[in-house]
Amino acid sequence: MPTITIKDYLRESRLFSQRAVTAAIGVFLLLSLLILRLVDLQVINHEHFTTLSQDNRVKVQPLPPTRGLIYDRNGVILAQNLPTHSLEITPERVKDLALTLQELSGIIDIGESDRKRFDRLRQQRRRFDSIPIRVRLNEEEVARFSVNRHRFPGVEIKAKLLRDYPLGEITAHILGYVGRINQQELQIIDNSNYSGTTHIGKNGVEKTYEKQLHGQVGLQQVEVNALGRVIRILQQQPPIPGENLYLSLDAGLQLVTTATFGEKNGAAVAIDPQTGQILALVSKPGFDPNLFVEGIAPSVYQALQTSPDKPLFNRALRGQYPPGSTIKPFISLAGLETRTISADQKKFCPGFYQLPGYTHKYRDWKKTGHGPMNLLSAITQSCDVYFYDLAHQLGIDKLHDYLSLFGFGTRTGVDITGERGGLLPSREWKKRVKKTPWYPGETLITGIGQGYLLTTPLQLASATATLATNGKRITPRVVAATKNHDRDQPVPLEPPPATSLPISSAGNWDDVVDAMTQVIEGQRGTARRIRSNLYRIAGKTGTAQVFTVKQDEKYEEEKVSKKNRDHALFIAFAPIEEPKIAIAVIVENGGHGGSVAAPIARRMMDFYLLQERL
Amino acid sequence: MIKTYQSSGLRESNPTRAEGVLADLHLDLPLLTGLVLLCGFGLVVLYSASGQDMALIQRQLVRLALAFMVLFVLAQVPPAEIRRWSPWLFGTGLLLLLAVLIAGQIGKGAQRWLDLGLFRFQPSELTKIAVPMMVTWFLAERPLPPAWKRLAAAGGMIAVPVLLIARQPDLGTSLLVASAGIFVLFLAGLSWRFVTGMIITAIPAGWVLWEWGMREYQRDRVLTLLNPERDPLGTGYHIIQSKIAIGSGGLYGKGWMNGTQSHLEFLPERTTDFIFAVLAEEFGFSGILMLLLLYLFIIYRGLYIATRAQDTYSRLLGGSLILVFFVYLFVNTGMVSGILPVVGVPLPLISYGGTSLVTIMAGFGILMSIHTHRKLLPT
Numbered sequence: 005m006p007t008i009t010i011k012d013y014l015r016e017s018r019l020f021s022q023r024a025v026t027a028a029i030g031v032f033l034l035l036s037l038l039i040l041r042l043v044d045l046q047v048i049n050h051e052h053f054t055t056l057s058q059d060n061r062v063k064v065q066p067l068p069p070t071r072g073l074i075y076d077r078n079g080v081i082l083a084q085n086l087p088t089h090s091l092e093i094t095p096e097r098v099k100d101l102a103l104t105l106q107e108l109s110g111i112i113d114i115g116e117s118d119r120k121r122f123d124r125l126r127q128q129r130r131r132f133d134s135i136p137i138r139v140r141l142n143e144e145e146v147a148r149f150s151v152n153r154h155r156f157p158g159v160e161i162k163a164k165l166l167r168d169y170p171l172g173e174i175t176a177h178i179l180g181y182v183g184r185i186n187q188q189e190l191q192i193i194d195n196s197n198y199s200g201t202t203h204i205g206k207n208g209v210e211k212t213y214e215k216q217l218h219g220q221v222g223l224q225q226v227e228v229n230a231l232g233r234v235i236r237i238l239q240q241q242p243p244i245p246g247e248n249l250y251l252s253l254d255a256g257l258q259l260v261t262t263a264t265f266g267e268k269n270g271a272a273v274a275i276d277p278q279t280g281q282i283l284a285l286v287s288k289p290g291f292d293p294n295l296f297v298e299g300i301a302p303s304v305y306q307a308l309q310t311s312p313d314k315p316l317f318n319r320a321l322r323g324q325y326p327p328g329s330t331i332k333p334f335i336s337l338a339g340l341e342t343r344t345i346s347a348d349q350k351k352f353c354p355g356f357y358q359l360p361g362y363t364h365k366y367r368d369w370k371k372t373g374h375g376p377m378n379l380l381s382a383i384t385q386s387c388d389v390y391f392y393d394l395a396h397q398l399g400i401d402k403l404h405d406y407l408s409l410f411g412f413g414t415r416t417g418v419d420i421t422g423e424r425g426g427l428l429p430s431r432e433w434k435k436r437v438k439k440t441p442w443y444p445g446e447t448l449i450t451g452i453g454q455g456y457l458l459t460t461p462l463q464l465a466s467a468t469a470t471l472a473t474n475g476k477r478i479t480p481r482v483v484a485a486t487k488n489h490d491r492d493q494p495v496p497l498e499p500p501p502a503t504s505l506p507i508s509s510a511g512n513w514d515d516v517v518d519a520m521t522q523v524i525e526g527q528r529g530t531a532r533r534i535r536s537n538l539y540r541i542a543g544k545t546g547t548a549q550v551f552t553v554k555q556d557e558k559y560e561e562e563k564v565s566k567k568n569r570d571h572a573l574f575i576a577f578a579p580i581e582e583p584k585i586a587i588a589v590i591v592e593n594g595g596h597g598g599s600v601a602a603p604i605a606r607r608m609m610d611f612y613l614l615q616e617r618l
Numbered sequence: 264m265i266k267t268y269q270s271s272g273l274r275e276s277n278p279t280r281a282e283g284v285l286a287d288l289h290l291d292l293p294l295l296t297g298l299v300l301l302c303g304f305g306l307v308v309l310y311s312a313s314g315q316d317m318a319l320i321q322r323q324l325v326r327l328a329l330a331f332m333v334l335f336v337l338a339q340v341p342p343a344e345i346r347r348w349s350p351w352l353f354g355t356g357l358l359l360l361l362a363v364l365i366a367g368q369i370g371k372g373a374q375r376w377l378d379l380g381l382f383r384f385q386p387s388e389l390t391k392i393a394v395p396m397m398v399t400w401f402l403a404e405r406p407l408p409p410a411w412k413r414l415a416a417a418g419g420m421i422a423v424p425v426l427l428i429a430r431q432p433d434l435g436t437s438l439l440v441a442s443a444g445i446f447v448l449f450l451a452g453l454s455w456r457f458v459t460g461m462i463i464t465a466i467p468a469g470w471v472l473w474e475w476g477m478r479e480y481q482r483d484r485v486l487t488l489l490n491p492e493r494d495p496l497g498t499g500y501h502i503i504q505s506k507i508a509i510g511s512g513g514l515y516g517k518g519w520m521n522g523t524q525s526h527l528e529f530l531p532e533r534t535t536d537f538i539f540a541v542l543a544e545e546f547g548f549s550g551i552l553m554l555l556l557l558y559l560f561i562i563y564r565g566l567y568i569a570t571r572a573q574d575t576y577s578r579l580l581g582g583s584l585i586l587v588f589f590v591y592l593f594v595n596t597g598m599v600s601g602i603l604p605v606v607g608v609p610l611p612l613i614s615y616g617g618t619s620l621v622t623i624m625a626g627f628g629i630l631m632s633i634h635t636h637r638k639l640l641p642t
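Chains as they are written, first to last, in my numbering: chain A, 5 to 618; chain B, 264 to 642.
With the rest of the complex left out, here is chain B (with noise of 0.2 Å):
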């Protein structure tokens, strides 16, 4: 066991001073400074997409700091405290959500917020978390893989607080809650058959969600993303305009702050949704390829922190935590390219925005903390 720690390149037996600095900190080095790179060139795209903005780069900043502290803390947290956690911090979660349904009927209107008089608080941003590490420590307290009937109760767990947040209705974030929850599912064992069968019932599922379940301007951006030029200027304007920023921007874009169509406000939500093709505009493939490089890195060195975690709960919480992020990545950049139709899902770490980015970060900060809290197990 300990070769493989050393193979791992952490090299704990003897490590550097900065390192030991780090390890005494519970912050993985390689994962920091993908981190710290990305949320670095996201400012830099920032700065140009917001047109020279500093004040909203200095609220960015504030942000980005809140998020790090958020991981730092989490980092501290041993992976048992956390998972002691989870059935309160679900519990806690779905109360929340309920709140902000009776808040939204009260105000008659859609309502994703609970205004805490500070700061607005978006509960589902909290099941984003809870709700894996809930179906975790459900699932790992028995052997993996699960029976059918634990199976059953887990995905129940997961289609209550998703079912709260798509009737706000948020498509974007009840998106990301099942995936994290079906990570969870899939990482612990699911059998192929049930992925199998789950796959040939999402079709008669998707009609039910398309007659019934979804509202107006959401069975509109599915149109819109089979035929842009349905509604050249209603919603199909975004995913044209992205198009043509993208295209435009080649192999290796307009420059810097050169990009037209952002530049002259062709581009909507360019700060926020659309940054993705702000940066395609003025980087160009080659631009795009660099960051696709360093999620990549991300991931993978998210995947490896859960493959060598000590235990079932660390592995899948970590395992579905990094996933989801990888579901932000494809589905805002499949959205913006055109391949998946415009739901509100940011540009992880890029994108504009706090509330997005505290929960991811605090997702880096528990897989901060299970790699970082080992034991050394006899062998």
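Just chain A, with the same shape it has in the complex (with noise of 0.2 Å):
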């Protein structure tokens, strides 16, 4: 049995050490496997994991410019950048992003327009970007957060200059405001310069000068980690910031005039005649403009869309209005300057006119008649029938031609985005939309501002700025001077090109500006109220009809509806040896322009030229 035994164990032995040499080819050829997958890794694709291996280190990330800043003539801060922390989503890194959401309003309240926000966003932009969920967190929020970080891969915090307007809608209907930048905008704008940036001017002075608030985009190289967190920067071109802004316009005065139109709506200019400087531009309502910066809410949208006070719309610039008697001293001047009239030359005003060979009666405002006119009373009067002649005699050509020198019927090209033309009628134009030719009476009408003829406060603050300066022209214009950042001073910018109105005589001007005076200071100026004993107006009154009444029937305030009744218009200029601001102002059905409109002029006058401090 021995024997047995030691044999078995010899065969046993050299069984085994050829399973053992078996054993190390196998563990050979694996290791050779192995080694040519390094080989082919390490060796020959080396270069293209190099690649990869950068890739996933280094990346570029834009620097956004911090947007210019907007001041009023003043230094009062209109537009501004605050910081505030959001709440944001990437939705690629979140797996169940509705089991995030849940968990996210145990820790940070989430509303539902917070949700509707986030759903709408999320299908505007890309998996990668991320979305906020929530905005302006307050200290607590952020802390709260903080602590719970780990368990939300994919939501973070990021801290963000958002754009801020301290004063709100006092300001909206020229500044505008800047939203998220949106699909036509991403068409246009350049895409690089814009790589970091979020918002872009949607409207107003944010819009006009939206390549100069903006700025210039700067890069940086920086290695993240597999998280994207930034470990170091590699690499910076700081970004150029947006230049500063300084308006002309002052924001007190644009404060006051706010106020004083109390509730009612309309619009109200005032420019620096010398300079056509806006000092002041409103359109009542406004709105708050910084409910557009990160994206309104569709409900509230919805609410300012479709408020019969329409706070969007824009009436200084937008808003289109029959003259009504504002439109007296321009056709005055027309009809000087072609001699059609002088100025001592009587008419007289039986209260109505009525042109040969028809029967229809043109109504003066004043049933019983103003009896003997001159250029002086008929305007301080506001008489409809010396003007009714006056017109009859010009010709719609030559009241088109004057009118248009003063600016009416074409844009006044303004810096702020969205203005309106108005209409200054012609035979052609007539000839061309109405497909009719021109009445005679038609003229006759356009003679008191009524008719086609559609003017915006703009232009007649404008137009009212020419006639305090004896036919100076400029363009009106809102922003003054601008600063970019390696400047300590701002730099005015190129005054806008002025053009002198072609007036023969001095002595024309004087005649209007006289009548326009008698306005406030005649016994029976239609603005005899609002006279001052500070400084000296020259303005007209003004009432715009909405409502046409007919032949036989008698207008009657009580008895048309609100929104049917005549506008109260009010141009003027002061003081009038030196003028330094022109005002055009127009309350929507407020009535008559020297009870309405006037008192709103007045207020703002004192502001500007007393140095009223708030």
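Hints in this document: simulated from the structure, not taken from any laboratory. Be careful, since some hints might not be right.
Derived DEER-like restraints, expressed as beta-carbon distance ranges [stated by the list, open to error]:
(1) H52(A) with R347(B): 33 to 41 Å
(2) N195(A) with R478(B): 42 to 50 Å
(3) M461(B) with L33(A): 13 to 21 Å
(4) L33(A) with Q339(B): 46 to 54 Å
(5) R18(A) with Q339(B): 29 to 37 Å
(6) R637(B) with I29(A): 44 to 52 Å
(7) R482(B) with R15(A): 41 to 49 Å
(8) I29(A) with Y515(B): 28 to 36 Å
(9) H154(A) with R478(B): 25 to 33 Å
(10) H52(A) with D287(B): 51 to 59 Å
(11) R15(A) with Q339(B): 28 to 36 Å
(12) Q191(A) with G518(B): 18 to 26 Å
Here chain A is said to cover these stretches of chain B; the calculated rule only asks that three of the stretch's residues, wherever they fall, bring their Cβ under 8 Å from a Cβ of chain A [claimed, not checked]:
(13) 509-520
(14) 584-598
Predicted model only: the values in this text are computed from it and were never measured. Each residue gets a CB set at the ideal place from its N, CA and C atoms; glycine is no exception.
Two chains, two separate frames, one set of hints: put the complex together.
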């Protein structure tokens, strides 16, 4: 037996050795396979993987420039960038969005509107963009999330500068607002310069001066880890911040004007006639531009859109109103210049006017008539019959030509977006648009600022500034100067081109201005109630019909619904010796210019001329 | 026979003082040197991979100390003693696996651990040694190569614990346990016909395993191996990032502690299963070759010890243990370099973590015991 065992032992030992050699060969072959694989990865494809590793590690990030600030003429800040914290979700990095949202709302208050905005933005943006679920977090909320952040991969708090308009609706119609860049804007903008920018000027000064306000994007190469967190900055090219804008606007005047309107709707524009600079531009009612910055809730936007008061509508630039009697000084000038009338020549006003050969009676606002009228009294008392006759004598062609000299019928070219040009009718216009010839009666009503004639408050203010300066036409502008980041002082913008109206005699200006002074100072002046002891005002009231009264009806204010009541207008400049401010005011459905619109202008002039401070 | 000893380089007839001391302690100098060098290298890599985490290094040092202690203790136990333990150890291992399974069913979820209060114990680790011990013990009783009946019974001894572990589910460990058992069968002289037959049946078996035996995430891993871009942010992410780490290392590597893939956290599991990628990134192809040479030396020494062993039990067990060690190495490096699916197998003696370290060192303890408890046989 022992021999057998030993025999077995030897055989087993040999068998094992054979197997061990086989195993060793197996080990060798498998290790060779592994080494081949490593040669493949580390030697043959080394470059490829080095590139991938670099791509992993190094990211180029845009550094968005900070948007320029906007100041008023006295250094009051109108648009600034406030640091705020928002909670943002990157959908791509979140596994279960619904669950994440549900758990998030356990920590941070997330409202229905927040969710809606999130859903809406998610449709618009790319999957790897972070989308705000909550904006303007307070410090406590920031802290609460920070403690729990490990539970929410793909959710982070972002600190960023948010555009803020401290005066809110007071300046909304001038500055406009910024909002998220949308698809259409993406097509137009320089994508590389906007690569880190989320917001863009949507309208107003923010849009007109977008290029200056935005600045130049910077770049940085950063090393990031797998979570996308920046470990260090490898290279940096800092952004160039946007330029600050200095407006000619007087925020105090703007505030006072808005307040003086009270609950009434309308618009007021004040211009420095010497420079064309806009001092105030009010459109009532306004809206809060801050609502638009982070995306306005659709329901709020809907409410603003459908409100009968049209708060989003910029009346000062886009509102086209019949100028009513405020057109009379300009027509007077046309009459004097063409020698159709002289200042002293008298016409008799019986209370109505009839074209030769027609029975239709064109009424004066004063049914009993004004009696004999010269230019001075016709303007002072705003006699319609005098101007029916003057318009008739001038004819529509001359009327059109002279009124267009003052800029009626064309956009002023102001540096705020959305302006409209009003309407200055002509034979040619009527043929083209209405397909009918011009009728003589239409000339008459154009002479008192009714009919087809439409002007914007800005146009009226600009034309009034031209009256104040004996014919100096300057494109109105609201931005006076800019300052880029490496300057200490703002640099004034190139002044807009100024032209002089081809009016032959300075005396013609004086006649009209004298008459406008009497509107305020005369015994029977339609705006005598706003006379000031401290400075002298020249003005003209106007009342624009919204509702057409039939031939034998009488306009009774009480019987007409509020919406159809007359608009009250007033234009003025002061002081007459050396005009510093030219104003146009319109109060929608306000009634009479002298009683409603003129006091607003007086308040504005008091504030501006007397340097009254708030 | 004595001649052979001398040619082995041990020169037991005239040992140096150091070798004499080591021999008295039942330690094998070449193997010990290889293991210490490897563990030292491992610590250097781990220091970088962990982001200079000294606390982590200290914890690993404690584990290493424990593992070497286990090695030392087992080296003192004569192979005959170890042989006697075999059935008991195997039985205990099976019972503990069942306990884990039941505990897992009560706890409703995957369970690999037994909480013993003081520490947590993973019974599957015990079976990594117990299964080859049992199979060897069973086969070595009778002349080799084994008869078919014995072979079938041995197959059962392997299959039961492997299936229990696979159910936990722990694919990596069940694979290692299975290979340990199969290596015993192979070294015991399993006929080549049978080996070929097994390979042929493995294909339909693989299909059955795929259809019914695998969990969703396990199937995912295999699919991801075939095409990592299938799920670049999910399971494929590991492989993509580790390939980038290895590939970008190049010939000489980015330098110690300069691996961007690992330090910037692109590489997942960088201190544990994917530490090989850290090494490849920082030390490059040349560093990897050094490491593989070290491993190769240890495997060579292990196989040599097994071949020189004096009885069948020692030979089979020793051979199986050292080949499992290679399987560890190959499965881990294969998965990290993207030629094998991602199964949770650590890089032996280098990956951070204690359980497998102790098991592996226990294996080497047995090898040392085999080599140092020799009797001078009569010629």
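### Task
Could you tell me which of the hints above the structure violates, numbers in ascending order?
Hint check: 1, 4, 6 and 12 fail, others pass.
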